[in-house]
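Q: Chains Z and F, in that order, give the protein sequences.
Residues 1 to 373 (the working numbering) are what the first sequence spells out, left to right.
Residues 374 to 1215 (the working numbering) are what the second sequence spells out, left to right.
Keep in mind that the hints were calculated from the coordinates and are not lab data.
All residues carry an ideal CB built from backbone N, CA and C; glycine is no exception.
Mixed in with the good hints there might be a few duds.
Per the computed footprint, the stretches of chain F lying under chain Z, defined by three or more beta-carbons under 8 Å from a beta-carbon of chain Z, are [unchecked claim]:
#	stretch
1	690-702
2	786-792
3	856-865
4	892-904
5	913-927
The primary structure of each chain is shown beneath.
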Amino acid sequence: MSAPNKSYDPVEVEALKPEEVERMRDEALAAVAAAGDLDALHAVKVAHTGDRSPLALANREIGALPPHAKADAGKRVGQARGAVNQALARRREELEAERDARVLVEEAVDVTLPYDRAPLGARHPLTTLTELIQDTFTAMGYTVAEGPEVEAEWLNFDALNLGPDHPARTMQDTFWVAAPDGGADSGVVLRTHTSPVQARTMLHGEPPIYVVCPGRTFRTDELDATHTPVFGQVEGLAVDEGITFADLKGTLEHFASAMFGDDLEKRWRPSYFPFTEPSAEIDLQCFVCRGASVGNPDRPCRTCSSEGWIELGGCGVVNPRVLVACGIDPDRYSGFAFGLGLERILMNRSGVEDMRDMVEGDVRFTLPFGMEI
Amino acid sequence: MRVPLSWLREYVDLPAGETGRDVAARLVAAGLEVETVEQLGADLKGPLVVGRVLAIEELTGFKKPIRYCQVDVGDANGTGEPQNIVCGARNFAVGDKVVVVLPGAVLPGPFPIAARQTYGKTSEGMICSARELGMGDDHDGIIVLPRETVPGTDAIELLELVDEVLDIAVTPDRGYCLSMRGVAREAATAYGLPLADPALLDVPQANADGYPVRVEDAAGCDRFTARTVSGIEPSAVSPIWMQRRLQKAGMRPVSLTVDVTNYVMLEIGQPLHAYDRSRLAGTVSVRRARAGEKLRTLDGAERALDAGDLLICDESGPIGLAGVMGGASTEIADHAVDAESGQVLGTTDVVIEAAHFDPVSVARTARRHKLSSEAAKRFERGVDPQAAPAAAQRAVDLLVLIAGGTAGGGVTDVVAPQPDRTLAIPADHPDRVAGTVYGRETVTRRLQEVGCSVSGTDVLTVVPPSWRPDLTDPNDLAEEVIRLEGYDNVPSRMPQVPPGRGLTAAQRRLRRVGRALAAAGHVEVQNYPFLGEAAFDALGLDADDPRRTTVKLVNPLNHEEPALRTTLLPGLLATLHRNVSRGSGDVALFETGLVFRPRDERTTAPRPPVDRRPTDEELAALDAALPHQPRRVAVALAGEREPAGWWGQGRPALWADAIEAGRTVARAAGVELIVRQDQHAPWHPGRCAALLVAGADGTERLVGHAGELHPRVVKAMRLPERTCAMEIDLDLLSADGEKPVTAPHVSAYPVATQDVALVVDASVPAADVEAALRAGAGPLLESLRLFDVFTGEQLGEGRKSLAYALRFRAPDRTLTAEEASAARDAAVAEAVARTGAVLRGA
């Protein structure tokens, strides 16, 4: 690198000779090209474009030139400095791009790391199943009615045509609530079904009535793989002018299709309930074996016990005696009612094999069900 | 009711190829619940033959006595030579006829039979017990066949070992189907075949020579038929066919007379009772029990009688619980030979009772004495009162035929007038119930098939048959028509439901609460509501804690847990413990459900009549007898709320998580929660929050508690240390309902942030400081957040520093630094005034 010439001939300034300017420019360009990183490039920039750089010093000499030479020298130095600055900018872009690429690679992470940091929750499948059933019926225009779990004996039995000596009353093994004196004749029970909610709806409302009554019910069964003393029901009631068995069939078949799909056969069987007459049970074709296990010991089906059918629920035309006890004119109105067992539906729908799993509250059972069923 | 297909065919000429399953399907469609179709002898294979025991050699030197027998099996073994068989049973003698299974046969199990070495001998087959042949589980002894059976006879056919049995769960309205006669009637109708009714018998007219009977309670007993048979051979045994039918129907053959009464009951449905005539004292009477009377029943139990019990008596006193169980004193005596005198003992003369008792009376007596019998089961569900004479006749015939008895000429038949059961229904009533058109002819025909007599045109006059006491209402008749026409053939139609309004606000709120808690990492459980005093002791509740006042059950499943919950915590914490003990140590649970709090004034519920709507007063009295049943939500947490991982440290579940769960619930319910320091069991006295809400009138009400559990509770319930819990009464929380949210005005002007650190006494609740800051800051305050709590020596003993970030913003302009500072200063001044706070660094 040449140093400025202090004792110069005003005409003959060494630094402004064309070849000298070119040499300074080329040196600078070579240094730019050789800069391996942004720090080196910065040093090159200071050395070749800074105030003390040869080209900057040369530029200062231009004033010493005779006027006729000034323009020419100024143009040459200016071009040289422009070329150097351009080269610097280009090189900076290159080096920055290189640096960015390198840094982002270094910042790479293993995106397959697990992140089970926030605890997971879930709702009980019997809750979400109840909601799904409710939603299916509210979509048909029904409302959802609720009532107490500790219920008056009259509402649980008498109003539903289950008189004190009715044989069916002993079928339902009832928890009796102690009277104030500790005796058994309190007239109060743990409801054995959600039917008293239907009775309450009729007693306090006017037809047309279209309600579903979900809730917990109680019978004195010991807990085992297939029984639980506390279980869930969703019952439904329609009371209106001209309600028939055909309306019941249409409604429950629609419900069964909505819950289980359109392609399963339904079977209707006569049955007996004191609060309905005629009474029926609706069975659904087993959605696991679809009947293929019947009489076929090589293909047993656990879901339907190789019967080919799964009991969906009991139902029937509301016994006019129930309407009378609940203050509804049986000559003007008729109704239908049905009851669905939640545990059984869940066992079938989700392959739950042991009733206890639904009772014990083990989080490993419930978590996979998430927020909706 | 267990119905052997072979027996059913005796009354209905079913198509030859029809299987048990086929018949079951038809009966199911007609409304009989056929639970199973049992295949008897399905895997049985002969040769299984009658053998005569020729010789018995007792083998000794083994752990138990063993017999080596020679048995004549006729030509069944192909040689005619005696068969050598080793046998461990001892209830047979030389000359007895037994059942022999020969090598190559397969017994139920399946259990293939081959000749084999045993006890030093070669056993060429087995002498069989009833159990080995699948005939019944009741005894292990060898079957000894009647003397007249011939060696070599095929025993599979003789013992009717191959059959199908339909097991039918009979609903309470179908008492008549607790008989072959009733099931056969349904089968006949289902197949459109005639029924050979076993109750269609020639019965002699009642006369004055019958055994004397006096019915003193015609309401309890509206028919009493009695017949006598004398000269029964005490040693006569029931024929194989009868024993087999009893066995297949699930009854145990006992003795000829008893077997006959059971057989006729199964066949016709009429329970019979046979008395040993020699043990009867004079006139038989039917009356209610008197005070202090006792009766020893056939099962050996001495029973104190209730005034409601209907009795059969003779002149000695009670001899039977009418329709439920006979007494021991007149029991048929088994055949025996008196060892000293050589006299043949056993009943020779019997009185057969075929009576009809009031179903309610029988049901009450059976329930009162916890005594369920085959007879009571039938009377409770209704027995055909017209079948009594035929049933008695059938029993007499069998005793004459099989036991060599002589029928007495006397016929007793005490009959009370029967009520008129005529019904009138519009001929189209079944159509209107079903929602389809059957037409009068079909309706009439179907009712006649059921056994009704039907007349009339537009209005039908229908008299139901005597065996159908359940047909009392027009809809009962409609059901008969609809079921016989087939439920599957009723059309499906959708009713015109009026437009609905979906869920109520409370129902939607409950869903939101559940979803919010689950989304915040809690798992829902549903616990039983049963608990006992021990649960309250574990929670450390005071003796007078209102939660100890419970609704109690008369008949709890577990006598340790006779009460209904007054709080969700015991069940929830027990479930938490179960999860921890099963290895799920980091657990957050929640439950929503009812709790039961007795009313201050406890009453019993009335039982109004059912022929009208109860009055409003009666309905109010029903509700007044019920406890309060508010809905609650509770949360329990233990272990780590956030696990450690590659991201860093984990975080244990804290008292604050329990309170936050309360806030989560309140937010979901659209309510703002107020948190106050409190002391309340079962929580840690220093880590317990009262949860309150401000009512519409501005007064605050307590809705629940949250925090860390008391260490003693944690220990008593074997919970993880520092287990936390929350419980809120959802009904109280939401008592004011929900108002629509008023939208905030969102300002686009810049925010001015000011931080302040206030030093207060450690006892000053942060909530009070925050409330003061908010009140002092005025309307420019957009938000306020506590970002640090600091204690240290430089603050002095018992002091803490609370650092808040205050954000100010105006709706209409950019705030100046002076405005923001002035608002901050006002906020601080209020905090200083209310809480004694000192601005740190000031």
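Q: Which of the listed hints are broken here?
A: 1 and 2
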